[in-house]
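**Q** Protein chains in written order, with numbering that gives the first Met the number 0: chain E, 0 to 359; chain P, 0 to 112.
Please keep in mind that the hints were generated in silico from the structure rather than gathered at the bench. It is possible that some hints are incorrect.
[Claimed, not checked] Below, a list of computed lysine-lysine pairs in the DSBU-like style, where the Cα atoms sit at most 30 Å apart: (1) P:9 with E:243; (2) E:243 with P:20; (3) E:280 with P:9; (4) E:287 with P:1; (5) P:1 with E:345; (6) E:287 with P:9; (7) E:166 with E:20; (8) E:334 with P:1; (9) E:280 with P:20; (10) P:1 with E:243; (11) E:173 with P:9.
Small disclaimer: the values here were computed from a predicted structure and weren't measured.
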Amino acid sequence: MKNEGKKLIWKEYQKEIADNKYYYVRSCVRQNFFPGAETTFLRIMREVLEKDIYENPSHTTCTGIGYHSDIVPLDTAMTVVARQFAIMTESGYENLTPSCITSFGLYTEILDTWHHFPEVEQKIRGLLKKATGREFQIPKNLSHASDLIFKFRKEIAQKAKYTLINKNTGKPLKVVDHIGCHYAKMFPHKGVGGAEYPYVLAGMIEEWGGEVIDYPERRHCCGFGFRQYLVQANRGFSIACSQKKFESMAGYEPDMIITNCPGCPMFLDRWQYAISEMEGKVYGPDGKPIPVFTFEEVAGLVLGYDPWDIGLQVHQVNTEPLLDKIGITYDPEKKYNNKFGKSMGKPVIPESLCEAHGIL
Amino acid sequence: MKDFGYTINKDRQINFDRTDKWIYEYLKKHEPSFKLCIGCGTCTATCSSGNFTDFNLRRLFTLIHRGYKLDMKDEITKCMLCGKCIMVCPRGVNTRNIILKINEVIENRKRKK
Numbered sequence: 000m001k002n003e004g005k006k007l008i009w010k011e012y013q014k015e016i017a018d019n020k021y022y023y024v025r026s027c028v029r030q031n032f033f034p035g036a037e038t039t040f041l042r043i044m045r046e047v048l049e050k051d052i053y054e055n056p057s058h059t060t061c062t063g064i065g066y067h068s069d070i071v072p073l074d075t076a077m078t079v080v081a082r083q084f085a086i087m088t089e090s091g092y093e094n095l096t097p098s099c100i101t102s103f104g105l106y107t108e109i110l111d112t113w114h115h116f117p118e119v120e121q122k123i124r125g126l127l128k129k130a131t132g133r134e135f136q137i138p139k140n141l142s143h144a145s146d147l148i149f150k151f152r153k154e155i156a157q158k159a160k161y162t163l164i165n166k167n168t169g170k171p172l173k174v175v176d177h178i179g180c181h182y183a184k185m186f187p188h189k190g191v192g193g194a195e196y197p198y199v200l201a202g203m204i205e206e207w208g209g210e211v212i213d214y215p216e217r218r219h220c221c222g223f224g225f226r227q228y229l230v231q232a233n234r235g236f237s238i239a240c241s242q243k244k245f246e247s248m249a250g251y252e253p254d255m256i257i258t259n260c261p262g263c264p265m266f267l268d269r270w271q272y273a274i275s276e277m278e279g280k281v282y283g284p285d286g287k288p289i290p291v292f293t294f295e296e297v298a299g300l301v302l303g304y305d306p307w308d309i310g311l312q313v314h315q316v317n318t319e320p321l322l323d324k325i326g327i328t329y330d331p332e333k334k335y336n337n338k339f340g341k342s343m344g345k346p347v348i349p350e351s352l353c354e355a356h357g358i359l
Numbered sequence: 000m001k002d003f004g005y006t007i008n009k010d011r012q013i014n015f016d017r018t019d020k021w022i023y024e025y026l027k028k029h030e031p032s033f034k035l036c037i038g039c040g041t042c043t044a045t046c047s048s049g050n051f052t053d054f055n056l057r058r059l060f061t062l063i064h065r066g067y068k069l070d071m072k073d074e075i076t077k078c079m080l081c082g083k084c085i086m087v088c089p090r091g092v093n094t095r096n097i098i099l100k101i102n103e104v105i106e107n108r109k110r111k112k
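With the rest of the complex left out, here is chain P (with noise of 0.2 Å):
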């Protein structure tokens, strides 16, 4: 490749003809609360993790309706499924078993390839 002092800048708009959705459908299936998520963020302000990692379950939540690829895994790993999302959810979203979701679907994906 040459160098022109300059790369192409990725674009920021979301083309949902190209995103891959397969853990958002997985989990609207299986876990039908996560499509009440507003994106209020009370979770992320409440949650012991993120209080001493990057953890944040509303960036997750919103990364996973736009179909962005990410490390889910160690995301998600990083949840101490202590609950507290729930207790403070206005919506009444079941945060904690949307976790335990998304581990089952990767570890599935992972089991058929």
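Extracted from the complex, chain E is given alone in its bound form (with noise of 0.2 Å):
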């Protein structure tokens, strides 16, 4: 199919994302691999929009890996979740902003099955009720955070310092988006552009100035999988996903990676090392691995924030040849500094990936 066409097709897959007071719920993934995405979003969303977003230190884990691991009960999983719409009540708020895709997707299949079973909504919050004392409203809106960035892009272009072009040749980035399972593919209608053309990432990407790769391999699965992952024995089956990715995007030449999802970055950005060190393979451009980046730190970095204020020092790939080609200024002094500019020690960099740095 021609890009027109799916430009036209996308736009019946629409969703309501509310405008503001959102209640945001951290990702268990996310803020151990990459902590800088989470606090980079708040802080656009405070500071670049001035929207209220508050988040409550009592909420917990969705247990949405556990769930999907077999290792969680749905009853308990349903009951855990019913506590943190308790504390979205409690704290005064409606709309749900979860920073994670598989609890997106949990809160998503729990509110639908409370619609079908209203027996069942009953039960929890029963069990809730019992087991804490609390009560709960259903949330009004339920928006991945990246949904808001999706809401938010134009104005995020408008205030935007860098734009995703290649300050060398002046032709836009060439960026490969990765939407995480959990977003569409469970409910379709629940995510901006459904499963077959989601377009939540997608949007970001055209509005900032890049160019977004259609591959043939672009809806699947980065190879986290939960259970795939969890048994050390299972993880050929996750990095050959990955690997069957790289393989279908790099005749494309991609520049960068932009994920949605907390467990699609790490797999994408890790996987790459391994392969390097497995089979001695790269896929990126020039004989380099290709940078992955969380759809906040790019939002991060088109607005001008600095890339180590982001963390992008967590990163198996450098991000530094992405930066350059943007024209992103930085101080590579900085790098392992912490926030109060003391040293916190260099990591021991991996050999494959050093040669496919050119560092050796």
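Got two chains here, separate frames each, mind docking them using the hints?
**A** Here it is in structure tokens:
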């Protein structure tokens, strides 16, 4: 299908995204592996877009990881999620914004279950009341954090300091967008663009000057998949998924990958290292690996935030080549400094990616 | 190579852009009845050789169609060329000649090398 056709079709898959007053719930994976991403998101929402976004330190995991790994039963997951709703209600908010795609999927699944089986909702209300004495209201609007950045992408573009354009060639950067499976594959009408034409990241990329790459395995899973990663012996399946995507996108010479799920950047980033160790292969142009970003990091970059404040130093694949392409200024000496300006110590740089980066 | 405790699983999807279909192309040209095969497996069911070895004509044809690399020479030497498979084939595929043509194309390639 031609790109023009796709643009017409995705317009049918729109979703309502609240304008203001969001209750934010963090992601277990994202806040551990890319801690700067969530901080950057909150900073953009509060300082740039001037929105009311609140997070309560009492909130816990949604249990999505345990649920999808067959460790946490559904009733337990629903009760924990009901507690999140209760804290949101107590905090005086009605619009829920999860950072995690799996949380978003789980909340959507539970709300849909309660819609079709009201007796289950009553049962869970009873369980929560018994366990914690809490009561809750169903969120009026459930939007993933990437939905909010998508909604305000034009405002961000207006205030942007940089664009996704190669400053050396003047051409748009070639960007791979990777949507988390639990965003729209389970409940297509809950995601911007549905499952077939998700536009949530593509919209940001186009608005900020980049060019979206439409490659054959664009909708393939990154390989996280919970069970296939948690058991070490199964990780061959996980890495094979990522490799399939890399091989499919390599021919299009992508400059960067953007994701909206916390697990996807983790695996697309780290597996590039593992594949380079196992097979000596990298997939980016010029014999380099492909830098992987979360959507919050990219929004922060175009707004001119310091790359080390965003947390780009925790990436396995060096992001500096891309920063150079965009023309973003950064101080290499401060890469591994903490927020007080003191050195955190440099990590051991793996040999194979070193070779790939041309650092011997 | 570092030992991570696992390796990259091989993809079971067939990528037709990468598979080498030289045997298939040769058979299509020199024994066109090959194209008539519907993979019913009657040939394999009646195969005398298959009764005593792991020779499987249906599997062999499928692999040729998909362009898989395997030791064809070893495979076809298991065939006794008795021709029972031709008698039972509902599509009239000249299976015996296909075995001979596979041998021919392998020998041709060897000579060229």
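**Q** Hints first: check each against the structure and report whether it holds.
**A** Hint check:
| no. | hint | verdict |
| --- | --- | --- |
| 1 | P:9 with E:243 | 10 Å, holds |
| 2 | E:243 with P:20 | 22 Å, holds |
| 3 | E:280 with P:9 | 15 Å, holds |
| 4 | E:287 with P:1 | 20 Å, holds |
| 5 | P:1 with E:345 | 22 Å, holds |
| 6 | E:287 with P:9 | 24 Å, holds |
| 7 | E:166 with E:20 | 38 Å, violated |
| 8 | E:334 with P:1 | 28 Å, holds |
| 9 | E:280 with P:20 | 26 Å, holds |
| 10 | P:1 with E:243 | 21 Å, holds |
| 11 | E:173 with P:9 | 28 Å, holds |
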